[in-house]
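K.L.:
Chain by chain, the residues run as shown.
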Amino acid sequence: MSNWISVVFPTPVMIDPVSGLRIHLMRFAVWAPLAFLMTFLTEAVDLNWHSNAPLQQAFQAHSPQVAWWHAGFMALSTICGALFPFTKSRIVWWEIMIISWLLYATIFIRLYQRYCRYRYLEQQQRRQIPKHTHQTRGHNFLLNEAVDRSRRSLQLILTCCICWTLIAGNFTVCSFLPNWAEKNSIWASPELSYVIGTGLEAISKVYYLVMQLNVYDQVFDTSARSARRLEEMRTLMSALWEASSK
Amino acid sequence: MAPRRAVNKIPEVSLRHRRRRNGPGESSDPPVSLSVLAGTRAPVQAPPLGESSILSGSCSRLGTDTYSGSESRTPSTARKSKHSSGKMKNTTTAAVDYSSDDSGLLSVSELGEEIDIDTVDNMEMRAVPARTGFSTEKHDCNSSIGGMNADKIPEVVIAPTRLESKGQLMSDDDLDSVGQFIIKGAAVGFILWIFLMANIYLIAPADSYEYLTGTEKQATWTLIILLFATNTTRIIPLAFQKNGFQFSKSGLVGTFMWEAICSELKRLLFLCTHNPNFTQLEVSLSNSSLS
Numbered sequence: 004m005s006n007w008i009s010v011v012f013p014t015p016v017m018i019d020p021v022s023g024l025r026i027h028l029m030r031f032a033v034w035a036p037l038a039f040l041m042t043f044l045t046e047a048v049d050l051n052w053h054s055n056a057p058l059q060q061a062f063q064a065h066s067p068q069v070a071w072w073h074a075g076f077m078a079l080s081t082i083c084g085a086l087f088p089f090t091k092s093r094i095v096w097w098e099i100m101i102i103s104w105l106l107y108a109t110i111f112i113r114l115y116q117r118y119c120r121y122r123y124l125e126q127q128q129r130r131q132i133p134k135h136t137h138q139t140r141g142h143n144f145l146l147n148e149a150v151d152r153s154r155r156s157l158q159l160i161l162t163c164c165i166c167w168t169l170i171a172g173n174f175t176v177c178s179f180l181p182n183w184a185e186k187n188s189i190w191a192s193p194e195l196s197y198v199i200g201t202g203l204e205a206i207s208k209v210y211y212l213v214m215q216l217n218v219y220d221q222v223f224d225t226s227a228r229s230a231r232r233l234e235e236m237r238t239l240m241s242a243l244w245e246a247s248s249k
Numbered sequence: 621m622a623p624r625r626a627v628n629k630i631p632e633v634s635l636r637h638r639r640r641r642n643g644p645g646e647s648s649d650p651p652v653s654l655s656v657l658a659g660t661r662a663p664v665q666a667p668p669l670g671e672s673s674i675l676s677g678s679c680s681r682l683g684t685d686t687y688s689g690s691e692s693r694t695p696s697t698a699r700k701s702k703h704s705s706g707k708m709k710n711t712t713t714a715a716v717d718y719s720s721d722d723s724g725l726l727s728v729s730e731l732g733e734e735i736d737i738d739t740v741d742n743m744e745m746r747a748v749p750a751r752t753g754f755s756t757e758k759h760d761c762n763s764s765i766g767g768m769n770a771d772k773i774p775e776v777v778i779a780p781t782r783l784e785s786k787g788q789l790m791s792d793d794d795l796d797s798v799g800q801f802i803i804k805g806a807a808v809g810f811i812l813w814i815f816l817m818a819n820i821y822l823i824a825p826a827d828s829y830e831y832l833t834g835t836e837k838q839a840t841w842t843l844i845i846l847l848f849a850t851n852t853t854r855i856i857p858l859a860f861q862k863n864g865f866q867f868s869k870s871g872l873v874g875t876f877m878w879e880a881i882c883s884e885l886k887r888l889l890f891l892c893t894h895n896p897n898f899t900q901l902e903v904s905l906s907n908s909s910l911s
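Chains as they are written, first to last, in our numbering: chain A, 4 to 249; chain B, 621 to 911.
Careful, some of the hints might be misleading.
[Claimed, not checked] Keeping only pairs whose Cα atoms sit at most 25 Å apart, straight-line, the calculated SDA-like set for lysine to any residue is: (1) Lys837/B x Asn851/B; (2) Lys837/B x Ser178/A; (3) Lys91/A x Lys804/B; (4) Lys837/B x Lys91/A; (5) Lys804/B x Gln221/A; (6) Lys208/A x Lys91/A.
[Stated by the list, open to error] Label pairs and their calculated CB-CB ranges: (7) Ala818/B x Asn187/A: 35 to 41 Å; (8) Glu245/A x Lys804/B: 45 to 51 Å; (9) Phe848/B x Arg122/A: 23 to 29 Å; (10) Arg129/A x Ile811/B: 42 to 48 Å; (11) Ile112/A x Tyr821/B: 21 to 27 Å; (12) Val11/A x Ala818/B: 36 to 42 Å; (13) Glu185/A x Ala818/B: 37 to 43 Å; (14) Ala826/B x Leu212/A: 35 to 41 Å; (15) Glu185/A x Asp827/B: 26 to 32 Å; (16) Ile811/B x Glu234/A: 38 to 44 Å; (17) Ala807/B x Ile8/A: 20 to 26 Å.
[Said to hold, decoys possible] Covered stretches of chain B, as calculated for chain A (at least 3 residues, CB under 8 Å): (18) 802 to 816; (19) 824 to 838; (20) 848 to 855.
These are computed hints drawn from the structure, not numbers from a lab. Note that the structure is predicted; figures quoted are calculated from it, not measured. Cβ coordinates follow ideal geometry from the N, Cα and C atoms, glycine included.
Build out the structure end to end from the sequences listed, making use of the hints.
P.N.:
This is how it looks when you write it as structure tokens:
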């Protein structure tokens with residue numbers, strides 16, 4: 004919708020007075036809620052729904068308020084990009100840049116915490132599998148589901164982390180390129196940042212959508228969930244039947 | 621395997637869902653699960669109590685055979701009883717060896733290498749002797765069988781798994797919470813989008829409005845078509861799945877979309893190769909290679 008508006012109608016494009024970069028404000032108006040929503044969905048996939056831990060422990064406990072805070076940090080970090088054209092001094096410009104990157108750095112912390120949670124749940128699942136067997140899943144349905152959800156959430160946040168780091172890195176590097184490169188070279192092209200950013204945005208959105216649909220099948224599709232539960236029930240019944248038949 | 625005892629009496633055994641002292645971040649009423657080690661010595665994790673009658677029967681058998689004649693034991697936690705002998709040790713492993721002996725009852729057996737007590741932290745079974753005046757308000761009774769010798773009623777208390785007690789394992793009820801939570805987030809995201817769009821149009825100077833031209837316009841068109849194609853081929857079939865609209869899964873829509881994307885990419889490439897900046901890059905590259 005916003006992309007269509009930016010193609011069809013005139014949109015505000017401002018020049019960053021410090022870096023000289025052309026900044027399309029419309030894109031940041033789109034990216035900020037998008038970053039919020041994608042982060043929120045990523046976090047909501049695997050949260051500890053019964054946790055009321057205080058904020059100091061919320062990130063460690065994966066409580067629901069983490070989703071709000073983390074998504075808010077990502078949105079604020081993106082909004083900082085739209086403030087660059089309005090800065091008057093170089094110091095303020097650098098302050099905004101540092102604040103933006105610090106806010107963005109929470110995604111790396113969350114990535115690590117998600118990885119730790121996945122490892123922990125996977126170890127719990129592995130302990131349920133008897134030795135000398137070829138089973139890959141335990142027999143606790145809820146635990147298996149938790150491991151799968153944790154894996155999906157880790158994949159989602161890893162996808163966001165890689166794509167958005169490339170986008171943020173592209174923006175940062177392109178902010179300095181016009182000052183470093185020769186004026187007639189491609190690296191000094193004012194369109195370079197926009198084109199690369201658009202390509203990375205496409206990769207991010209398409210890949211995230213594919214993964215989000217897999218998450219839907221994994222978490223929210225009741226028919227698929229029922230089928231998996233029936234499969235667990237079948238395994239239980241088979242084991243009991245075999246044992247009672249001896 | 622520990623020797624099984626002949627069961628003459630079937631004491632009444634009730635399976636109780638022991639309510640733990642929960643912390644602020646823990647579930648107040650988590651489901652109960654039990655691992656049953658069948659004759660194949662494969663642990664089978666059953667669904668929570670109350671969801672399957674099969675599990676209730678298994679648990680009852682467990683309690684019947686395990687605690688017959690061992691009613692006088694003191695309450696013992698799993699870890700304490702690790703060092704004790706006899707059946708209490710077996711109960712700590714929280715596993716049941718189902719065997720078709722003459723009593724036809726399940727018996728607790730030593731789990732051996734299958735699950736070590738130090739590693740069993742998501743499953744705990746505790747033996748608690750019968751007590752008079754047992755408060756049912758503090759304990760949820762899930763099932764009971766038998767009906768003999770009420771004075772010697774041992775109680776098998778199956779504690780919830782540690783993960784479940786922390787609320788880390790999502791139950792079916794939690795799925796509704798997820799849906800409402802995501803709707804709230806989507807609403808906040810939509811409001812944020814409207815707010816930012818309005819502010820940008822208000823704050824931006826009037827002379828800063830431009831049409832996209834050249835490479836930027838081509839890149840944006842390519843992005844729009846790519847997103848449209850992706851959404852069409854993935855989301856629309858999902859949306860119409862229950863209505864039987866399977867036509868969009870046939871690949872025709874996706875094929876046409878990819879044709880459009882390829883043509884746009886071709887135009888973009890043509891535009892880039894005729895861009896003076898790219899021409900300059902080619903010249904600089906050729907000069908550097910010659911030198």
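K.L.:
Take the hints in turn and mark each one as holding or not.
P.N.:
Evaluation of the provided hints:
no.	hint	result
1	Lys837/B x Asn851/B	holds (21 Å)
2	Lys837/B x Ser178/A	holds (21 Å)
3	Lys91/A x Lys804/B	violated (37 Å)
4	Lys837/B x Lys91/A	violated (29 Å)
5	Lys804/B x Gln221/A	holds (21 Å)
6	Lys208/A x Lys91/A	violated (34 Å)
7	Ala818/B x Asn187/A: 35 to 41 Å	holds (40 Å)
8	Glu245/A x Lys804/B: 45 to 51 Å	holds (48 Å)
9	Phe848/B x Arg122/A: 23 to 29 Å	violated (39 Å)
10	Arg129/A x Ile811/B: 42 to 48 Å	holds (44 Å)
11	Ile112/A x Tyr821/B: 21 to 27 Å	violated (35 Å)
12	Val11/A x Ala818/B: 36 to 42 Å	violated (19 Å)
13	Glu185/A x Ala818/B: 37 to 43 Å	holds (40 Å)
14	Ala826/B x Leu212/A: 35 to 41 Å	holds (37 Å)
15	Glu185/A x Asp827/B: 26 to 32 Å	holds (29 Å)
16	Ile811/B x Glu234/A: 38 to 44 Å	holds (42 Å)
17	Ala807/B x Ile8/A: 20 to 26 Å	holds (21 Å)
18	802 to 816	holds (count 9)
19	824 to 838	holds (count 11)
20	848 to 855	holds (count 4)
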